[in-house]
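Q: The residues making up each chain are set out below.
2 protein chains.
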Amino acid sequence: MESTAAYLAAARGETPSHTPVWFMRQAGRSLPEYKEARAGTTMLEACRNPEMTCEITMQPVRRYDVDAAVFFSDIVVPLAAIGVGIEIKPGTGPVLDEPFRTEKDLDRLRNLDPCDVPYITEAVGLATAELGPKPLIGFAGAPFTLASYLIEGGPSRDYVNTKTLMRNDPDLWDRLLSKLAAICGEFLRVQTEAGASAVQLFDSWAGSLSEADYRRYALPYATQALMTVPESTPRTYFGVGTSHLLEAMTDTGASVIGVDWRTPLDEAAGRTKGRVLQGNLDPTAVFAEPEAMLAEADKVLAAGRAAPGHIFNLGHGVHPTTNPDQLKRLVDHVHETTAR
Amino acid sequence: MESTAAYLAAARGETPSHTPVWFMRQAGRSLPEYKEARAGTTMLEACRNPEMTCEITMQPVRRYDVDAAVFFSDIVVPLAAIGVGIEIKPGTGPVLDEPFRTEKDLDRLRNLDPCDVPYITEAVGLATAELGPKPLIGFAGAPFTLASYLIEGGPSRDYVNTKTLMRNDPDLWDRLLSKLAAICGEFLRVQTEAGASAVQLFDSWAGSLSEADYRRYALPYATQALMTVPESTPRTYFGVGTSHLLEAMTDTGASVIGVDWRTPLDEAAGRTKGRVLQGNLDPTAVFAEPEAMLAEADKVLAAGRAAPGHIFNLGHGVHPTTNPDQLKRLVDHVHETTAR
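Protein chains in written order, with full-length UniProt numbering: chain B, 1 to 340; chain U, 1 to 340.
Hints listed in this document are in silico derivations from the structure and should not be mistaken for laboratory results. Check each hint, because a few of them may be wrong.
Claimed, not checked - Dumping the calculated DMTMM-like pairs for lysine to aspartate or glutamate here, alpha-carbon to alpha-carbon at most 25 Å:
(1) U:LYS299 with B:ASP171
(2) B:LYS299 with U:ASP169
(3) U:LYS89 with U:ASP116
(4) B:LYS179 with B:ASP251
Unchecked claim - A few chain B residues that face chain U, going by a derived Cβ cut-off under 7 Å, partial list only:
(5) GLY241
(6) ARG262
(7) HIS319
Even for Gly, the Cβ is constructed at its ideal location relative to N, Cα and C.
The following block holds chain B by itself, in its conformation from the complex (with noise of 0.2 Å):
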């Protein structure tokens, strides 16, 4: 009998057969694989092709043997799906053609049908049928970071459009992330139904909140989010610079909280009532010489023990210039070293 895999028992609180691992980014532009496979296509172009997607996905579960893949995507292809005039320019990130700002943008954004994104249902069935039992983890961007797109037009530095909107007119604040939050939900359901057998929502930069914002502004759409997948389905939430939110975190339902390299998981494991915890040795840390690496990835293992589960991953998403030997060395050195 096929025991569970390492990754899914761990994120169930259950006992793996020994720590599993894997890494935020690992699908994508660190590997020179990838770099091949996208040459002379866009972003979004890759995304919407299943062929290139699956491969894409798949390369770092050949190259790392990590145990679970994640999906290949970006934050804002739900949003392209529904017509959103957005471009993805490499070394910036997602550029709209034109910033969310008045209650008449609400109109472009109408709710998400799995028939917008047929390449999402077809690349997940792809990955899932070659990647066997190894589970496939479903990728979307949280409500709150998908706004923060939209109101700047890309990415920022201090929010400052997007918390003039929410301070100065919650209503249509209101309005937006609950549309948002139906869009990511949807977006991560297609993954789950598709064969996705577990889920992350990315609130990257929900970290710029007070907890007091954090709470009013964000939380409830991440949690309606989350929401749109089944319980039984394991849904990790993760944001950078977290460290004074991680106790409002675990009240969006999540069941696993992703942790950045700034919090030890023992300390984070006393504030997320016993959520399952994944991360979190810091992505510079990979460029140190291999055995300093090793010493920092033992510390991230050995603090991971206070948690009820651990899954180990990078405090962010791997870094465009990491040197791809260094993560083969984690994940092997992670899985003898935790081996039971």
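Could you slot chain U onto chain B? The hints should help.
A: Leaving out everything else, chain U in the frame of chain B:
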């Protein structure tokens, strides 16, 4: 008899006549009179022109009647003064001709001598003469933050090169940071000698480090820089996104801790060992309607009562597009509602 300026009283943990208020980046880019004064002058030229520096330092004091002036400068001014090739690009920030990468680059960093910065001594003298009893806060960047600009060659999102150097060559890191600490410290000392009655050390990017890395790679050098200033001089130490570092930051010996908007001051008070606190209205809250902004300010004032002393400020620098009328409203409100 003139009573002690509210800022100094609060910074020393004494009882001020009212809660003092000033704004990080009050002198500069958000003020129309600043843009006028600076027209046709580069940032470094402005920092080396005593009359212009004094004028810019005074502008927000005249406009807002804040309780302290902050010396107008840039964190790379002392580096430029010892011959490091640096340009401050509008909209980007400091950009180095040649980033710091190896031991050889140490030769480019000699000690700062007061004779290197006669324009600082002169500008401080002019400003303190004009300020009268109102205090001038001396300004410097902290060694870690300065190192990040030196090593990355400019602003960065993830500090990969900086953290790689600190992990892979701790000996070179120590020599570099010790030199920078001496330079920062001397830059502050020149200002206090010339008449500044307090200082603030800006470790803006220290929050990118875990507490363990911060304690090893940043804290000792910030401490060294602050120790250059007499203990009787109020010394404020500030960083962004340092919710996880507040305890550690008090170990620098700073008498005032600057807190960003992510951590409520009552919570911060419980973690900063009796230090006076400065902060911490979200800089984006000044884009809200006046009433909503003042309601947020009241929450900050209420939370600040839990600290042994409170200096009202934003949680980070004034955003360039801030409406000065809103800052004026804030100052008046803090003064009116806290007068004893």
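Q: Now tell me, hint by hint, if it's right for this structure.
A: Each hint, compared with the structure:
For the proposed pair U:LYS299 and B:ASP171, the alpha carbon gap of about 22 Å is at most 25 Å, so the pair holds. Annotation: proposed proximity of B:LYS299 to U:ASP169 holds, straight-line Cα distance about 20 Å (limit 25 Å). Restraint check: the Cα-Cα separation between U:LYS89 and U:ASP116 comes to about 23 Å, which is no more than 25 Å; the hinted pair holds. For the hint linking B:LYS179 to B:ASP251, the alpha-carbon distance of about 20 Å falls within 25 Å, and the restraint holds.
With a least beta-carbon distance of about 5 Å to chain U, the hint placing B:GLY241 at the interface is held under the 7 Å criterion. Among the interface hints, the one on B:ARG262 holds; its C-beta lies about 5 Å from the nearest C-beta in chain U, closer than the 7 Å criterion. For the restraint placing B:HIS319 at the interface with chain U, the shortest Cβ-Cβ distance is roughly 6 Å, inside the 7 Å limit, so the hint holds.
In summary, the structure agrees with every hint in the numbered list given earlier.
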